[in-house]
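A.B. asks: Since each chain comes alone in its own frame, lean on the hints to assemble the complex.
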Amino acid sequence: MSDPEKVFPTGLTLSEAEELHSQLIDGTRVFGAISLLAHVLVALTTPWLG
Amino acid sequence: MNNARMWLVVNPTVGIPVFLGAVAVGSFSVHVGIVTNTTWVEDFLSGREMGSTAALSVPSETAVASVDGAKIVFDEGEAGDRAVVILDDGRTAQVVFDEPDEVKTASLSGALD
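Heads up: the protein sequence lines correspond to chains P and E, in order.
Position in the first sequence counted from 1, then plus 4, gives you my numbering.
Position in the second sequence counted from 1, then plus 223, gives you my numbering.
Do not rely on the hints blindly, as some may be mistaken.
Example chain E residues on the side facing chain P (calculated, C-beta under 7 Å, incomplete) [to be verified]:
id: 1; residue: Trp230
id: 2; residue: Asn234
id: 3; residue: Pro235
id: 4; residue: Val237
id: 5; residue: Trp263
id: 6; residue: Met273
id: 7; residue: Gly274
id: 8; residue: Ala278
Not the full set, but computed from the structure, chain P residues with beta-carbon under 10 Å of chain E [unchecked claim]:
id: 9; residue: Leu16
id: 10; residue: Glu20
id: 11; residue: Leu24
If you are wondering where the hints come from, they were derived from the structure by calculation, not from laboratory data.
Think of the CB as a built atom: it goes at the ideal place given N, C-alpha and C, for glycine as much as any other residue.
Just chain E, with the same shape it has in the complex (with noise of 0.2 Å):
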């Protein structure tokens, strides 16, 4: 307690919102900094499973078709509807493939023919 004579110097209406101001912006610079450096937030914030972006930006080897001048990476989850496009030039897009319905396949199978 012997920073208390500390308020017989600094004026209490001055020194504690200062104290608490300090407090917020550090407590608010870690948090930007959580979230800037992160995916799992975001993850969390847009209703996904935490650390699903972290996993799918990793591509393995085995589930990996090519394209001209593009690499996919088919995520290996359950669904399986989910995939990273990797360019040539480094560029990457996370795509989620529609589920692929009767309609839809029947008229893709007519265009094949």
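In isolation and in its complexed conformation, chain P is listed as follows (with noise of 0.2 Å):
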């Protein structure tokens, strides 16, 4: 990993790929939030949790 420029088989650099997966991460972050909003919402209105 001494070559920061290094060109992977996928023809990414390392820094690309952190890029990359730093957007995945996020995303993931979002649909998390979206879907314990959504927990929250039928847990209060239906008879899910009783």
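C.D. replies: Structure follows, in structure tokens:
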């Protein structure tokens, strides 16, 4: 990992991979927040939890 | 962020759709499980009050009438226009009674005289 500009088999450099991954993590967080809100609403408005 | 290196090995044009597809399949199967294992989703989609079907299927001994081969359990809701018919072999049916209007009642009472 010494050469930061090394291009790997997928055609990405390490910094590009990290940039992509951070976007994926952010997207997953947004999905999680929406899902949490949906679960709270279902718990409050349906007979799910009695 | 140490997982970022996966994209040095897994091509993102394959990995990202597979990742999102897996989340979609998982979410879809959970929703199917909920729809098939509850009654309140069906209640909601058909405009009934959520949980009313479940409440109906619990027969209470007080409001029961029996006919040859069947038991009728009346719903104790305000309208009282619904009931569950339970056959001896265990099959059930939910029935909704019509509003008794004057014409029907008159003809009925005429027939009974």
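A.B. asks: At a threshold of 7 Å, is the proposed contact between E:Val237 and chain P supported by beta-carbon distances?
C.D. replies: The hint is violated - E:Val237 has no Cβ within 7 Å of chain P, the shortest such distance being about 9 Å.
A.B. asks: Could you check if P:Glu20 really has its C-beta closer than 10 Å to a C-beta on chain E?
C.D. replies: Holds, about 8 Å.
A.B. asks: Using the nearest Cβ pair, does E:Asn234 come within less than 7 Å of chain P?
C.D. replies: The hint holds - E:Asn234 has a Cβ within 7 Å of chain P, the shortest such distance being about 5 Å.
A.B. asks: Restraint: E:Trp263 near chain P, CB-CB cut 7 Å. Satisfied or not?
C.D. replies: Nearest chain P Cβ about 5 Å off; hint holds.
A.B. asks: When the nearest CB of chain E is found for P:Leu24, is that gap smaller than 10 Å?
C.D. replies: This hint holds: P:Leu24 lies near chain E, its Cβ roughly 5 Å from the closest one there, short of 10 Å.
A.B. asks: So, E:Met273 near chain P? Judge it on the closest CB pair being under 7 Å.
C.D. replies: The hint holds - E:Met273 has a Cβ within 7 Å of chain P, the shortest such distance being about 6 Å.
A.B. asks: Does E:Gly274 pass the interface hint, meaning its C-beta sits closer than 7 Å to a C-beta of chain P?
C.D. replies: E:Gly274 check passes; min Cβ-Cβ to chain P is 4 Å, inside 7 Å.
A.B. asks: Min Cβ distance, E:Trp230 to chain P: is it shorter than 7 Å?
C.D. replies: OK, holds: E:Trp230 within 7 Å of chain P, min 4 Å.
A.B. asks: Regarding the hint that E:Ala278 lies at the interface with chain P, is the smallest CB-CB distance below 7 Å?
C.D. replies: violated, 9 Å
A.B. asks: Using Cβ atoms only, decide whether E:Pro235 comes closer than 7 Å to chain P, and label the hint accordingly.
C.D. replies: Cβ of E:Pro235 sits 6 Å from chain P, so the hint holds.
A.B. asks: Do the numbers back the hint for P:Leu16, that is, is its least Cβ distance to chain E under 10 Å?
C.D. replies: holds, 6 Å
Taken one by one, the earlier hints fail for this structure at numbers 4 and 8, listed in ascending order.
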